[in-house]
Amino acid sequence: MEFGAEFYVLVGFIVFLCVLGYLGVHRTILSALDARGQAIANELAQAAKLRAEATALLASFEKKAAEAEANAAAIVAEARAQAEQMAKDAAERMNDFVARRTKQAEAKIALAETQAAADVRAVAADYAAKAAE
Numbered sequence: 003m004e005f006g007a008e009f010y011v012l013v014g015f016i017v018f019l020c021v022l023g024y025l026g027v028h029r030t031i032l033s034a035l036d037a038r039g040q041a042i043a044n045e046l047a048q049a050a051k052l053r054a055e056a057t058a059l060l061a062s063f064e065k066k067a068a069e070a071e072a073n074a075a076a077i078v079a080e081a082r083a084q085a086e087q088m089a090k091d092a093a094e095r096m097n098d099f100v101a102r103r104t105k106q107a108e109a110k111i112a113l114a115e116t117q118a119a120a121d122v123r124a125v126a127a128d129y130a131a132k133a134a135e
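Using my numbering, read the sequence shown as starting at 3 and increasing by one per residue.
Careful: at least some of the hints might be erroneous.
With a straight-line cut-off of 20 angstroms between C-alpha atoms, the simulated SDA-like cross-links for lysine to any residue are [to be verified]:
no., residue 1, residue 2
1, K66, A54
2, K66, A83
3, K51, F63
Okay, the calculated beta carbon distance ranges per label pair [stated by the list, open to error]:
no., residue 1, residue 2, range
4, A67, D36, 52 to 60 angstroms
5, L35, E69, 49 to 57 angstroms
6, Q84, A124, 25 to 33 angstroms
7, M96, E135, 54 to 62 angstroms
8, R95, A124, 55 to 63 angstroms
I should point out that these hints are in silico values taken from the structure, not numbers from a laboratory. Just so it is clear, the structure is predicted and the values come from calculations on it, not from any experiment. A virtual CB, placed ideally from N, CA and C, is assigned to each residue, including glycine.
Could you build all of it, start to finish, from the sequences and the hints given here?
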């Protein structure tokens with residue numbers, strides 16, 4: 003009985019597999035695959051941990067940004083209130099100044115009127131005295 007090349011290749015392959023099994027090469031391959039699988043699992047766990055940390059950090063930054071925005075809004079509101087109060091104070095001071103200056107002007111006018119009336123009386127008295135002579 004003659005066997006073809008395919009048969010001898012099959013027999014050689016089976017013998018090769020038996021030799022590999024006898025030498026325990028499959029255990030070495032399996033342990034290498036297990037180690038690689040464990041390394042990948044560790045990397046995935048580390049990536050998940052880093053993702054969780056990044057998410058927490060992002061939430062923290064968003065919270066700080068919201069707090070800063072609220073703080074800025076409060077500062078702006080306080081500045082507006084202070085500016086309005088300063089404007090009111092300035093208007094009051096201006097009104098007081100104008101009132102004082104008006105009173106001073108009225109007093110000067112009254113004094114000038116009194117002085118003018120006295121001058122007119124003096125001139126009239128002089129003319130009356132001259133007319134009487």
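Structure-based check of each hint:
{"no.": "1", "hint": "K66 x A54", "verdict": "holds (18 angstroms)"}
{"no.": "2", "hint": "K66 x A83", "verdict": "violated (25 angstroms)"}
{"no.": "3", "hint": "K51 x F63", "verdict": "holds (18 angstroms)"}
{"no.": "4", "hint": "A67 x D36: 52 to 60 angstroms", "verdict": "violated (46 angstroms)"}
{"no.": "5", "hint": "L35 x E69: 49 to 57 angstroms", "verdict": "holds (51 angstroms)"}
{"no.": "6", "hint": "Q84 x A124: 25 to 33 angstroms", "verdict": "violated (58 angstroms)"}
{"no.": "7", "hint": "M96 x E135: 54 to 62 angstroms", "verdict": "holds (58 angstroms)"}
{"no.": "8", "hint": "R95 x A124: 55 to 63 angstroms", "verdict": "violated (42 angstroms)"}
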